[in-house]
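Sequences are here, hints too, so could you generate the full structure?
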Amino acid sequence: MRNVEIKAKVHDIKKICKIAEELSGAPCTVIYQDDIFYKVNNGRLKMRNFPDSSAVLVRYSRVDEGGPKLSDYELLEFSASESGKAKLLDEMLQKCLGIRGRVIKERKLYLVEQTRIHIDTVQGLGNFMELEVVLKPEQTLEEGQAIARDLQTKLGVMNEDLLECAYMDLLEKKQ
552 MRNVEIKAKV HDIKKICKIA EELSGAPCTV IYQDDIFYKV NNGRLKMRNF PDSSAVLVRY
612 SRVDEGGPKL SDYELLEFSA SESGKAKLLD EMLQKCLGIR GRVIKERKLY LVEQTRIHID
672 TVQGLGNFME LEVVLKPEQT LEEGQAIARD LQTKLGVMNE DLLECAYMDL LEKKQ
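For the sequence shown, the numbering used here assigns the number 552 to the initial residue and increments by one for each residue that follows.
None of these hints come from the bench; they were simulated from the model.
Hints are supplied without guarantee of correctness; some may be wrong.
Said to hold, decoys possible - As a list, the in silico DSBU-like pairs of lysine-lysine whose alpha-carbon atoms are at most 35 Å apart:
no.: 1; residue 1: K566; residue 2: K724
no.: 2; residue 1: K656; residue 2: K566
no.: 3; residue 1: K569; residue 2: K705
no.: 4; residue 1: K656; residue 2: K724
no.: 5; residue 1: K638; residue 2: K656
no.: 6; residue 1: K565; residue 2: K687
no.: 7; residue 1: K656; residue 2: K560
To be verified - Beta-carbon label-pair distances, calculated as ranges:
no.: 8; residue 1: D563; residue 2: G649; range: 35 to 43 Å
no.: 9; residue 1: E694; residue 2: G649; range: 32 to 40 Å
no.: 10; residue 1: M709; residue 2: S634; range: 35 to 43 Å
no.: 11; residue 1: E657; residue 2: K705; range: 18 to 26 Å
no.: 12; residue 1: G707; residue 2: G649; range: 35 to 43 Å
Beta carbons are placed, not taken as given, at the ideal position from N, Cα and C, and that holds for glycine.
Structure representation (structure tokens):
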């Protein structure tokens, strides 16, 4: 699966949430996420855990650069009733690969057509905005980038606030 992503620092969380809700036409869904990142040679691999005991293993790769960037990803989802399998897989991956780190966040999710707008409060980092334009099979990278740039402008996100890397990278730099 492919999407185009933009991530940026947020200075006024109330303002951006208000704009995102107007664009979405609906209130946000609040999601609590606890991500365990594993040490891998290529891309990123994480187990995302949710409060209801469900989880998803996410493998993704993207270049670390500012602005809209292509992300290639795969998901392996575990329902709450499969939480034992998710925990076992997490333990196996930790033993084999080691843990790179952990990212805990509260995510406000707004949906605007094919785009997920995330307003994240990340433990130890602060507030951020992330756009994920989910590309249709026939859509080009350029089409996804245009959608992302348009939403970036509508949300009032400045280019100087764009981030090149993942939250995990920012947490590592902070240490």
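Here is how each hint holds up against the structure:
At roughly 28 Å between alpha-carbon atoms, K566 and K724 fall within 35 Å of each other, so this suggested pair holds. Under the criterion of a C-alpha separation no larger than 35 Å, the hint pairing K656 with K566 is consistent with the structure, at around 19 Å. The suggested pairing of K569 with K705 holds, with an alpha-carbon distance near 12 Å, which does not exceed 35 Å. Our distance criterion of 35 Å between C-alpha atoms is met by K656 and K724, whose separation comes to about 18 Å.
The hinted pair formed by K638 and K656 meets the criterion: a straight-line CA distance of about 20 Å does not exceed 35 Å. Our distance criterion of 35 Å between C-alpha atoms is met by K565 and K687, whose separation comes to about 31 Å. With a C-alpha separation of about 14 Å, the suggested pairing of K656 with K560 holds against the 35 Å cut-off. Checking the proposed 35 to 43 Å range against D563 and G649 shows it holds: the Cβ atoms sit about 38 Å from each other.
E694 and G649 have their C-beta atoms about 39 Å apart, which keeps the hinted 32 to 40 Å range intact. Roughly 41 Å separates the CB atoms of M709 and S634, a value that falls within the hinted 35 to 43 Å. As the Cβ distance of E657 to K705 is approximately 23 Å, the hint placing it in 18 to 26 Å holds. At roughly 40 Å, the beta carbons of G707 and G649 sit within the given window of 35 to 43 Å.
Taken one by one, the earlier hints all hold for this structure without exception.
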